[in-house]
Amino acid sequence: MSQPAESEPRIGGDVPESVGIAGSGTIACGLAAAVAHRGGNVVVFARSTESAERADTEIAANCEKLECREAARRVRLTRDFSDLAKATLAVEAVIEEEPAKREVVGALGRALPESALIASTTSSLSVATLAEASGRPSAFFGLHVFNPVHRMALVELCFPPQAGATARARVIAFCEAIGKRAVEVPDQPGFVVNRLLFPYLFDAVRLLERSGLAPTEIDECMKLGASHPMGPLELLDLVGLDVAEAIGEALHADTGDAGHLPPGRLKQLVSEGKLGKKSGAGFHRYE
Numbered sequence: 000m001s002q003p004a005e006s007e008p009r010i011g012g013d014v015p016e017s018v019g020i021a022g023s024g025t026i027a028c029g030l031a032a033a034v035a036h037r038g039g040n041v042v043v044f045a046r047s048t049e050s051a052e053r054a055d056t057e058i059a060a061n062c063e064k065l066e067c068r069e070a071a072r073r074v075r076l077t078r079d080f081s082d083l084a085k086a087t088l089a090v091e092a093v094i095e096e097e098p099a100k101r102e103v104v105g106a107l108g109r110a111l112p113e114s115a116l117i118a119s120t121t122s123s124l125s126v127a128t129l130a131e132a133s134g135r136p137s138a139f140f141g142l143h144v145f146n147p148v149h150r151m152a153l154v155e156l157c158f159p160p161q162a163g164a165t166a167r168a169r170v171i172a173f174c175e176a177i178g179k180r181a182v183e184v185p186d187q188p189g190f191v192v193n194r195l196l197f198p199y200l201f202d203a204v205r206l207l208e209r210s211g212l213a214p215t216e217i218d219e220c221m222k223l224g225a226s227h228p229m230g231p232l233e234l235l236d237l238v239g240l241d242v243a244e245a246i247g248e249a250l251h252a253d254t255g256d257a258g259h260l261p262p263g264r265l266k267q268l269v270s271e272g273k274l275g276k277k278s279g280a281g282f283h284r285y286e
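Counting in numbering that gives the first Met the number 0, the sequence shown runs from 0 upward without gaps.
Please note: incorrect hints may appear among the correct ones.
If you anchor each label on the Cβ, the simulated ranges turn out as follows [to be verified]:
(1) Arg-180 - Thr-128: 25 to 31 Å
(2) Thr-128 - Ala-164: 20 to 26 Å
(3) Glu-102 - Pro-15: 27 to 33 Å
(4) Pro-15 - Glu-69: 19 to 25 Å
(5) Arg-109 - Glu-286: 41 to 47 Å
(6) Ser-81 - Ala-213: 23 to 29 Å
In silico DSS-like links for lysine-lysine, alpha-carbon gap of 27 Å or less [stated by the list, open to error]:
(7) Lys-277 - Lys-266
(8) Lys-222 - Lys-266
(9) Lys-222 - Lys-277
(10) Lys-222 - Lys-276
(11) Lys-64 - Lys-277
(12) Lys-64 - Lys-266
(13) Lys-64 - Lys-276
Derived from the structure by calculation, the hints contain no laboratory data.
Even for Gly, the Cβ is constructed at its ideal location relative to N, Cα and C.
Based on the sequences and whatever the hints tell you, model everything.
This is how it looks when you write it as structure tokens:
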């Protein structure tokens, strides 16, 4: 992947924004590949050399899955946060914890020009709260993309009350340009998809705890009996069990519904470092 230090992000292809991404995890890499695939140029900030190398490999793999290997050349990895300052649309894509996200969106708000848009990939935190932390609520929005980003068409968009018509139009045009279907959702923990999905996923874990069934048996039942493309435990592994725990805790704090509490088995796996597919083990094992 090309990483020339002197290059700057620039608008390319059909993508109407120059994109910077603060974060180098699965969602960040998937989004970078999706933008590059549509001709856009992207700068991705990683905190460490190890993270940058891992992201380099993952972005290249995502571009290959999109049958556009050369798109990886439009993504530049950097460890210098100031390299994001030329973006017209910058995305925070770090761990799903409010202090970490507040810190990054605040840094983006200070670094970017007034005309730039700032987004968070949060799936469970208050967009209004993060918008205030950015110092730029009129230019802020929630951009909840789904894993794997290169295959999932939906984007849940969430705007704070201060967002104006021009910002909204730019955001929607950006989503269309990268091939996503944008649906505006209310600013509530879990938005729409996760608010409806996670009680089901957590029920599958509770069934596992009390029934003695194997994870593969539960997953096969839902795939073959309900035509789901993935079983609930497979899906939790794909999401990341640590991410699922954070989403569940945010949902429970908002609703008080016991069904939103992360189950004991899931919390145990997280404490053991078994975070799902990204760590090689969760409810299932991965090579």
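Evaluation of the provided hints:
no., hint, in the structure
1, Arg-180 - Thr-128: 25 to 31 Å, "26 Å, holds"
2, Thr-128 - Ala-164: 20 to 26 Å, "23 Å, holds"
3, Glu-102 - Pro-15: 27 to 33 Å, "28 Å, holds"
4, Pro-15 - Glu-69: 19 to 25 Å, "21 Å, holds"
5, Arg-109 - Glu-286: 41 to 47 Å, "43 Å, holds"
6, Ser-81 - Ala-213: 23 to 29 Å, "50 Å, violated"
7, Lys-277 - Lys-266, "16 Å, holds"
8, Lys-222 - Lys-266, "25 Å, holds"
9, Lys-222 - Lys-277, "22 Å, holds"
10, Lys-222 - Lys-276, "19 Å, holds"
11, Lys-64 - Lys-277, "18 Å, holds"
12, Lys-64 - Lys-266, "32 Å, violated"
13, Lys-64 - Lys-276, "18 Å, holds"
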